[in-house]
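S.K.: Residue strings, one per chain:
There are 2 protein chains.
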Amino acid sequence: MKVSKLLGERFKNAPSDCLIESHKLMVRGGYMKYMANGIYSLFMPTRRITRKIENIIREEMDNIDGQEVLFPVVMPASLWEESGRYYSIGSEMARFTDRNNNKMVLGMTHEEAAVHLAKDTAQSYTNYPFMIYQFQTKFRDEPRARGGLIRVREFTMKDAYSFHTSQEDLEEYYEKAFKAYERIFKRAGAKNVISVKSDSGMMGGSISHEFMLLTDIGEDSLAICPECSFRANMEAAPCLIENQPGEVEPLEKIHTPDVKTIDDLCKFLNTDVKSFGKAVVYQKNANDEYVVVFIRGDLEVNETKLRNYLGEEIHPAQNIITEECGIVPGFIGPVGLTDRAVVVYDSSLKGINSMVCGANEVDYHYTGINLGRDVGEVEYADVAKIYEGAVCPECGKPIVTIKRGIEVGNIFQLGTKYTKAMDMTYLDNQGKAQNPIMGCYGIGVGRLAASICEESHDDYGPIWPMPIAPWQVEICNLKAKDERVSAACEGLYKELTDMGVEVLYDDRPVRPGFMFADADLFGVPVRVVVSPKTLDRNCYEISYRDKSYKGDLPVENAAAEIKNMVRSILDQYKF
Amino acid sequence: MKVSKLLGERFKNAPSDCLIESHKLMVRGGYMKYMANGIYSLFMPTRRITRKIENIIREEMDNIDGQEVLFPVVMPASLWEESGRYYSIGSEMARFTDRNNNKMVLGMTHEEAAVHLAKDTAQSYTNYPFMIYQFQTKFRDEPRARGGLIRVREFTMKDAYSFHTSQEDLEEYYEKAFKAYERIFKRAGAKNVISVKSDSGMMGGSISHEFMLLTDIGEDSLAICPECSFRANMEAAPCLIENQPGEVEPLEKIHTPDVKTIDDLCKFLNTDVKSFGKAVVYQKNANDEYVVVFIRGDLEVNETKLRNYLGEEIHPAQNIITEECGIVPGFIGPVGLTDRAVVVYDSSLKGINSMVCGANEVDYHYTGINLGRDVGEVEYADVAKIYEGAVCPECGKPIVTIKRGIEVGNIFQLGTKYTKAMDMTYLDNQGKAQNPIMGCYGIGVGRLAASICEESHDDYGPIWPMPIAPWQVEICNLKAKDERVSAACEGLYKELTDMGVEVLYDDRPVRPGFMFADADLFGVPVRVVVSPKTLDRNCYEISYRDKSYKGDLPVENAAAEIKNMVRSILDQYKF
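Heads up: the protein sequence lines correspond to chains A and B, in order. Per the working numbering, the first sequence starts with residue 1, numbered consecutively. Per the working numbering, the second sequence starts with residue 1, numbered consecutively.
Mixed in with the good hints there might be a few duds.
Because identical chains cannot be distinguished in the list, a pair is counted as satisfied if it fits within a single copy or across any two copies.
Here are the simulated EDC-like pairs of lysine to aspartate or glutamate, each with C-alpha atoms no more than 16 Å apart in a straight line [unchecked claim]: (1) LYS5 / ASP65; (2) LYS385 / ASP298; (3) LYS494 / ASP65; (4) LYS563 / GLU502; (5) LYS417 / GLU59; (6) LYS176 / ASP298; (7) LYS417 / GLU490; (8) LYS179 / GLU323; (9) LYS5 / ASP62; (10) LYS2 / ASP62; (11) LYS574 / ASP199; (12) LYS260 / GLU455; (13) LYS119 / ASP428; (14) LYS479 / ASP458; (15) LYS138 / ASP98; (16) LYS494 / ASP507; (17) LYS5 / ASP169; (18) LYS2 / GLU490; (19) LYS2 / ASP65; (20) LYS420 / GLU323; (21) LYS385 / ASP507; (22) LYS420 / GLU81; (23) LYS432 / ASP459; (24) LYS403 / ASP220.
Simulated from the structure, these hints should not be mistaken for laboratory data.
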């Protein structure tokens, strides 16, 4: 490809609404064009990158016996009514009515479609297991599209669905898919991808893992043990607390006027925040019923864990009106609390013999609360956020660290949620009808591309790993008006192209500084500079985009040498 | 791929709503699954076929300097408002409102998106020409989805857009694209594809061609001259009529009671249908105004040509109420016709000296009408349908034949319709702002697959041409429970696969007749049958799906021989 004809412009500066580096560089480099909130068109370099990622994914999916299929983007609502998700998913799902007044939806994911396709055709246990996958456009009406291709509304996703006759078989396949995912990210050149246990969210099912590319700009917080294998999305990480029980003290009501914060209260009572029972109030989405969570004063509530514990959607309570609900904001405590609220005790309160809490009365707190004595037997639930330095749930050492990551892939053990709801069955070897057990496996292609850019760039542009680079080699013609230079460039361009090397050729009559700035934005791994000077030395100048190599290459046999360089770099990504 | 694990069922009979062979066979063969009207999921064999077609198209598009990009499926309505098509396209376009109340549309085609992407980045004449293309899902809310993948609502399309600084440059590129299209269809194994001049329809622009796969079940009628190069969609074919002028006769009003049809009238008046001026009544969509077309009695009105002549949408008139509009159905004629209707005279009436027409009065006709004398100078327009045996507009011989075809591709010279409407400009070499001139080029991938099936099948299944066959070779294990046979099959399967040959291996313990029926439905070009008998002969039995070859192949060196067969068949599709 010649740069003079390549559509897309490079810019010195990124628009101010680009907040993360990959977004800035991909806009500056002419990779994408904004069309609407969370909706982009992709220029040629990006499409080449995503195609290469797709090919790597395809090979790995085929390698674990995947069958590539294609589901529709537009689906009848009736299919989603069968699974129940037409109702359980809110405004994230785009809906419209077709010319015949049929309700249609745009696919956010394709579990329903996968069951629809497989149903009726896999009726005997001998057909199992099998896995089907596709690359297809998804639309999710995200409220907070951001970060360029990192979080968009429309995107290309590889989604895979496996079907099994036993949990053991699913787990065996899940392990295979897990390994395939590890290979995919390595082969694509993503360096810092780890897997973490995750919450299954709207997908249903139990066990699931996310593959996280570690970066400070990641949206997800991850709890990682540096000494053992524990890794979990903070949303799914258990928070283990060991309390020093302390003395049992008598219950005492204290007047605490003008004590506004927990800190103030600790000072006022000369006590530790860890002996304080903090109340956090939520409401159920369904009926606005109040949910009061008591948790140790130094900890935060993990809303995902709370949601899973309650089994329903909740939101932080707003504008509590004391008279109506009996809840006294700022002074909520377990003793004498209204019975009009659901009460949840976080495990972090377990074993505290003497606790400070609100007294459900303005300007009063209790000290010396002992839950067993003063409230009765309570059920504890783990709804606390894990934190830096928390106890590792696997090895028990208090060394958990919190990192941030972008989710670049996920795998779920779905169970029979969809096959039951949609009445998909097979006959087992006893002739008995059974619901198949499903797994599902997703990777967002564009997000992976942008995430790799996020971890692999410098101030001047992306540093694309060879396996997904839009081109393998860029030839910079430093003097396009010099016939000798241009003839050398054209010759090398043709020779390399004929050898199957992917070449971007900057043939424009522009200043070297301008050309190099663009080359940095193209991020092509191997650069070949041709100028009157290099030709005087009978050489081309080679430099790697990642700065790991720079040197002269004799003109003789240069194409073959460059091809070797490309091949040996590619070999580093073989697994 | 092993058939035992391949998802998708084969059926003996097709559902009764499958009216054409390709649809029947692709349903019977487990190629696709109906999800909703005009919406299908595709099983693995179909996805393999469409991927191969996509790869052929991609190579040819890259070969004419195409840059692969990706436009969104979901676009903001505002983009389509700019071009005006948000209003001019009706219920074929799916529309919805997103969570922020923005109007969105699903892309039916991507001219607007192409201009949006190219605008601002191709500002100098030196950036031109360029072509961008994509493979992307389209949704068109067709009122009459039919024929399986032939006419669907959702489909994958390759759409390409070229941009030029002069009409000459567009024409030169158009010619290249034309040739690329010819190569694509040949390379994909479509045998009977011809190009015809076409009507540009909603795309705008002037010159356009359709590539038509000839088949009796095609929806389009094509006018073809068997002796010269004339080929046109009937919608766009000129209809040349030479009339024998005949005697000039006096105008005479005749009482014609109970004469209902033109045939009856001809008998009653003892005259030829060709001397009859038939009236056909339409209404403008915009305001219901009547349009009366007079055309020679033996001819039909071509509504597309009429629409283009009038420059607006029309529909056949219904329920004419004589009192209101002054039109007397069954007795309409040019003499004394109400001036409340637009009147169009088809060229077929030119030169008739004496004509029979209605007298605009119940039960009366005129004979001897001479338009020049009795109506005055009229403008003639060519709005007649060409017919079998019509005069060829190119060579002048009365030998036009009418054939039917499926449109498998189209190319348009769009002009500046979109670049003007969306204000895309570049600076020419004089520094003057100009609108680029566009061309666009489409191929429906799934429709091409189904069309090839339509022309290449027998009663038992598709006969896939090697370049797009889902697999190149099928191994039929006729005795899966015989260890010797299974070992030979497994060995050959592995050997061929390792050599890069695409193999479907039927490993199921089923009867040979059942296995062969399925193999016919898979339509794999080369079949290798392995049984105790063939092994006793130390052979495999080879047969080609198209029946062009059948014979024994010694077991020794069989894989290499089979690979050669595949390669030599593939070589027949190189152009």
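S.K.: For a quick check of understanding: which of the numbered hints are violated here, in increasing order?
M.R.: 5, 6, 7, 8, 11, 12, 14, 20, 21 and 23
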